[in-house]
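Peer 1: Starting from the known structure of chain A, fit chain B onto it as the hints suggest.
One-letter residues, chain by chain:
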Amino acid sequence: MLDLSKYECIGAALRDALDQFADEICLIEADRERENHRLTYREFKARALPLAKALQESGFSGGDRAAIIMTNQSKWLISAYAIFHAGGVLVPLDYKLTANEQWQLLKHSGASVLITEYPIWRQLCGSAQRGGAANVRTILVTEAPAATQADLAGACPWEQALRAGEPAFVARKRQDVACIVYSSGTGGQPKGCLMTHENYLEQCVALTSLYPFWPGIRYLSILPTNHAIDFMVGFFGPFICGATVVHLRTLRPEYVREAFLKYKIGYVSLVPLVLKNLQKGLQARLEELSPGKRKVFNALVALNKALTKDRPRLWLSRRLLKQVHAAFGGELRAIVVGGAFSEPQTLQFFYDLGIPVANGYGLTEAGTAITVNDLKPFRADTVGKPLPGMEVRIVKPSADGIGEVAVRSKTVMLGYLDAPELTAEAIVDGWLMTGDLGRFDSSGHLQLFGRKKNMIVTEEGKNIYPEDIEAVFEGLPAKEFCVFAANYVWPRRSMTGEQLVLVLRLDSGQFLTEELRREIVARNNRLLNYKRVHGIVLAEEDFPRTASLKIKRNALAERLASREREAAILPL
Amino acid sequence: MRTLEQTTKEVLELASRHFKVPADSLAPEDDFFKKLGIDSLQALDLLSRLENHFRIELPDYEVQGVSDFRTLAERIQSRL
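First to last, the sequence lines map onto chains A and B.
So the mapping is simple: my numbering equals the position in the first sequence, first residue as 1, plus 176.
So the mapping is simple: my numbering equals the position in the second sequence, first residue as 1, plus 645.
In case anyone wonders, no lab produced these hints; they're calculated from the structure.
One or more hints might be untrue.
Claimed, not checked - Dumping the calculated BS3-like pairs for lysine-lysine here, alpha-carbon to alpha-carbon at most 27 angstroms:
no. : chain 1 : residue 1 : chain 2 : residue 2
1   : A       : Lys498    : A       : Lys481
2   : B       : Lys680    : A       : Lys456
3   : A       : Lys349    : A       : Lys182
4   : A       : Lys452    : B       : Lys665
5   : A       : Lys726    : A       : Lys628
6   : B       : Lys679    : A       : Lys456
7   : A       : Lys452    : B       : Lys679
8   : A       : Lys638    : B       : Lys680
9   : A       : Lys452    : B       : Lys680
10  : A       : Lys456    : B       : Lys665
11  : A       : Lys481    : A       : Lys452
12  : A       : Lys628    : A       : Lys728
13  : A       : Lys629    : A       : Lys586
14  : B       : Lys679    : A       : Lys638
15  : A       : Lys638    : A       : Lys728
16  : A       : Lys272    : A       : Lys283
17  : B       : Lys654    : B       : Lys665
18  : A       : Lys728    : A       : Lys629
19  : A       : Lys498    : A       : Lys452
20  : A       : Lys586    : A       : Lys552
21  : A       : Lys272    : B       : Lys679
22  : A       : Lys471    : A       : Lys498
23  : A       : Lys481    : A       : Lys469
24  : A       : Lys485    : A       : Lys498
25  : A       : Lys726    : A       : Lys283
26  : A       : Lys638    : A       : Lys452
27  : A       : Lys552    : A       : Lys498
28  : A       : Lys481    : A       : Lys456
29  : B       : Lys680    : A       : Lys272
30  : B       : Lys654    : B       : Lys679
To be verified - If you want the footprint, here are the derived chain A segments under chain B, 3+ residues with CB under 8 angstroms:
no. : region
31  : 271-279
32  : 292-299
33  : 425-433
34  : 445-453
35  : 691-705
In this text, a Cβ means the ideal position worked out from N, Cα and C, and glycines have one as well.
Chain A extracted, bound-state conformation:
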C-alpha cells in the first residue's frame, strides 16, 4: 500500500515522484495519428519549473490562487504542477462552461492567474463579464497562433512567459487548501469546494490500494481533468506511482479506439453515457457474427462468467475472449466509471466479457470516491463498499433501511468557499450529508435509491442545480416561476432518467399560450443542452415565500407533489 504519510502537501509528493521516476514516461499527448509529446518525468519537470519561476516573478506566492481552463493536454498537468510547486491553490474550471459562467467563477474564486488555451481565450474575450473579474491579473494562453501573439487582449503567450532559473519550492500544510473545485453554481450560489492537501493525499492512498498504478501502466485521460475523478486517477495517482498518462486532443470515437490499441491502455475513466455507447457498439458488432460464431462466442462468455464469478481473472478472460480484449489493446485492466449513476446491465455486460468496471459513488465534496466496487466479487447492482478510511452511515433510515447517506473521512472538504451557510447545511457535526438516498446490504455494499436534494446528474456526469439555471427565465411574462428536479417533487427510487421542470405561476386571466410557450423554448435553448428543462408545471396557487420573499422550495414541492406527476408535467 502506498505510504504518503511523510508528505504535508501534494506538491512535495509530486516533486519526489518527478525525481524518483525521472526516466519513466509520464505523459503522452496525441492528436489523431500524430504524437505531439512524449515526456519523461525529468522532461516534465524541466517544462514545469520555468512556469513556476514565471509565476513567482509575477508576484504569485504561497496561498495565491491560479485557475486552469484547458482541455486535457500536457500543459494542463504541467501548469498544475507549476502552481503546486509555487505553493499556489489550483482552481480547475470546466472548459465546457460558457464564457460568462467561466468569468463568474473566476471572479468568485479570487484567482489572480488564469492559464488557458487560445480557442477558449477567444471565447472568454467575447464575454461582457470579463470586466467583473478584475482579480485575474496574469493570463497565460497556450497555442496562440503566431499572428495573434502580439495582441492577445491583455494575455501573454505561454511560451513567452517562461523564465529560466530555479523556482523556490513553497511548502504547504496538510490542512491548507490545495484546490477550489466547483461542484456547481454559476447562476445561484457558487459551490467552490475547498479541498485540502490532506484530502488528496488520503484519497490517493485509498484508491490506489484497490486500483494500483506502477511505472509502465498507461491511463487514458478522457474525462476532463478539472473533474475530481480525472484529477485523481488521471494526474495525481498515476504521477505519484510513476505511471503514464495518455492525452488525446480529439475524442472522436475512431481515434479513441485507435488509442487503446496503439498505447496499450491499462485504465480509462468514462462517464456512463460513453460506457453505454461503447456497449452499443460492441453489441452491434456481435450481432454481425454468423449464428455459428455467435453460439461459440456466447458459450465462451458463459464460461468466462462462471470462472470469474468470485473475482476477475484477467489473464484467463484475455485468452478466452481474445478478440474482444484485443480490440481494447489487450492490456485493459479496468474501466473506471463515474460522474453519474451507471445502469447495472451495462456494468454486467462488460464484466461478463472479462473487462471489470470500477463502479463507485462519490461527490466532489468528499474527494472523488466514497465507495468503489472492490470486485471481490463484482456486484453490478451496488456502488461497492466504502473505501479504506471512509465512515459511511445511513441517516434516519426508513423501515426498509433507506435513508440519507452521510460520510466522515479525511477526504471530506473543508467547506464551500465564502458560503458558511451552505457549508453548515452540507457538513453537520463532522458528517458530510450527501443528499443521496441509500442503504447497505447484508454484505456491506451500498445501494443507491435516488436523491433527497433538488438536483440532477446527467449521464454525461454533469451536476445540475435548478437554482443555477433560473436566471435564463428572468423576465418571463408570468407572475412567478422556479425550476425543480422532477424527482425532487415526485420522488422516484431511481438514479437515472432525471429531468428538470419549470414551475410557472401565471397571472390571473393569463393562459399558457403558444407565444409564451415559444418564449420558454427560446430561452431554454440558450442553456447548454444538458441544462435544459423538459416540461412545464402550472402552479395553481401563488408560491409560498419567506418573510424576505424567498421561495419556500420545500413547501412548494410538497404542494406540487399532491398532484399526479404525469398529468402535472406538460411537455415543452
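Peer 2: Frame of chain A; chain B shown alone:
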C-alpha cells in the same frame, strides 16, 4: 473558394441528411444539439462527417462551446 453562405448551406444540408431531419426545418442560428436532438458523442460524429465533406481538420478544441450552425460554419470557413 466557398463563401460563408455556401459553407453554412452545406453544413445544414449535411446535418439534415445525416440525422434525417427535414432540410427546411434547420436554420443557421439553430442550436444543433436541440434541433437535431443529439448528445455530445453524436456531435463529434457530425464533426467527423463535416471534416470529410470539406476535407479539413477541425480539432475538437476549436469548436469547444460552439452549439449553433452559423458559428460552426464560421470555424470551418476559417480553415478552408
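Peer 1: Are the hints correct? Go through all of them and say.
Peer 2: Here is what the structure says about each hint:
{"no.": "1", "hint": "A:Lys498 x A:Lys481", "verdict": "holds, 15 angstroms"}
{"no.": "2", "hint": "B:Lys680 x A:Lys456", "verdict": "holds, 24 angstroms"}
{"no.": "3", "hint": "A:Lys349 x A:Lys182", "verdict": "holds, 12 angstroms"}
{"no.": "4", "hint": "A:Lys452 x B:Lys665", "verdict": "holds, 23 angstroms"}
{"no.": "5", "hint": "A:Lys726 x A:Lys628", "verdict": "holds, 21 angstroms"}
{"no.": "6", "hint": "B:Lys679 x A:Lys456", "verdict": "holds, 23 angstroms"}
{"no.": "7", "hint": "A:Lys452 x B:Lys679", "verdict": "holds, 21 angstroms"}
{"no.": "8", "hint": "A:Lys638 x B:Lys680", "verdict": "holds, 21 angstroms"}
{"no.": "9", "hint": "A:Lys452 x B:Lys680", "verdict": "holds, 23 angstroms"}
{"no.": "10", "hint": "A:Lys456 x B:Lys665", "verdict": "holds, 20 angstroms"}
{"no.": "11", "hint": "A:Lys481 x A:Lys452", "verdict": "holds, 20 angstroms"}
{"no.": "12", "hint": "A:Lys628 x A:Lys728", "verdict": "holds, 16 angstroms"}
{"no.": "13", "hint": "A:Lys629 x A:Lys586", "verdict": "holds, 24 angstroms"}
{"no.": "14", "hint": "B:Lys679 x A:Lys638", "verdict": "holds, 17 angstroms"}
{"no.": "15", "hint": "A:Lys638 x A:Lys728", "verdict": "holds, 26 angstroms"}
{"no.": "16", "hint": "A:Lys272 x A:Lys283", "verdict": "holds, 17 angstroms"}
{"no.": "17", "hint": "B:Lys654 x B:Lys665", "verdict": "holds, 16 angstroms"}
{"no.": "18", "hint": "A:Lys728 x A:Lys629", "verdict": "holds, 14 angstroms"}
{"no.": "19", "hint": "A:Lys498 x A:Lys452", "verdict": "holds, 21 angstroms"}
{"no.": "20", "hint": "A:Lys586 x A:Lys552", "verdict": "holds, 25 angstroms"}
{"no.": "21", "hint": "A:Lys272 x B:Lys679", "verdict": "holds, 17 angstroms"}
{"no.": "22", "hint": "A:Lys471 x A:Lys498", "verdict": "holds, 16 angstroms"}
{"no.": "23", "hint": "A:Lys481 x A:Lys469", "verdict": "holds, 18 angstroms"}
{"no.": "24", "hint": "A:Lys485 x A:Lys498", "verdict": "holds, 19 angstroms"}
{"no.": "25", "hint": "A:Lys726 x A:Lys283", "verdict": "holds, 25 angstroms"}
{"no.": "26", "hint": "A:Lys638 x A:Lys452", "verdict": "holds, 16 angstroms"}
{"no.": "27", "hint": "A:Lys552 x A:Lys498", "verdict": "holds, 23 angstroms"}
{"no.": "28", "hint": "A:Lys481 x A:Lys456", "verdict": "holds, 20 angstroms"}
{"no.": "29", "hint": "B:Lys680 x A:Lys272", "verdict": "holds, 20 angstroms"}
{"no.": "30", "hint": "B:Lys654 x B:Lys679", "verdict": "holds, 19 angstroms"}
{"no.": "31", "hint": "271-279", "verdict": "holds (count 4)"}
{"no.": "32", "hint": "292-299", "verdict": "holds (count 4)"}
{"no.": "33", "hint": "425-433", "verdict": "holds (count 6)"}
{"no.": "34", "hint": "445-453", "verdict": "holds (count 3)"}
{"no.": "35", "hint": "691-705", "verdict": "holds (count 3)"}
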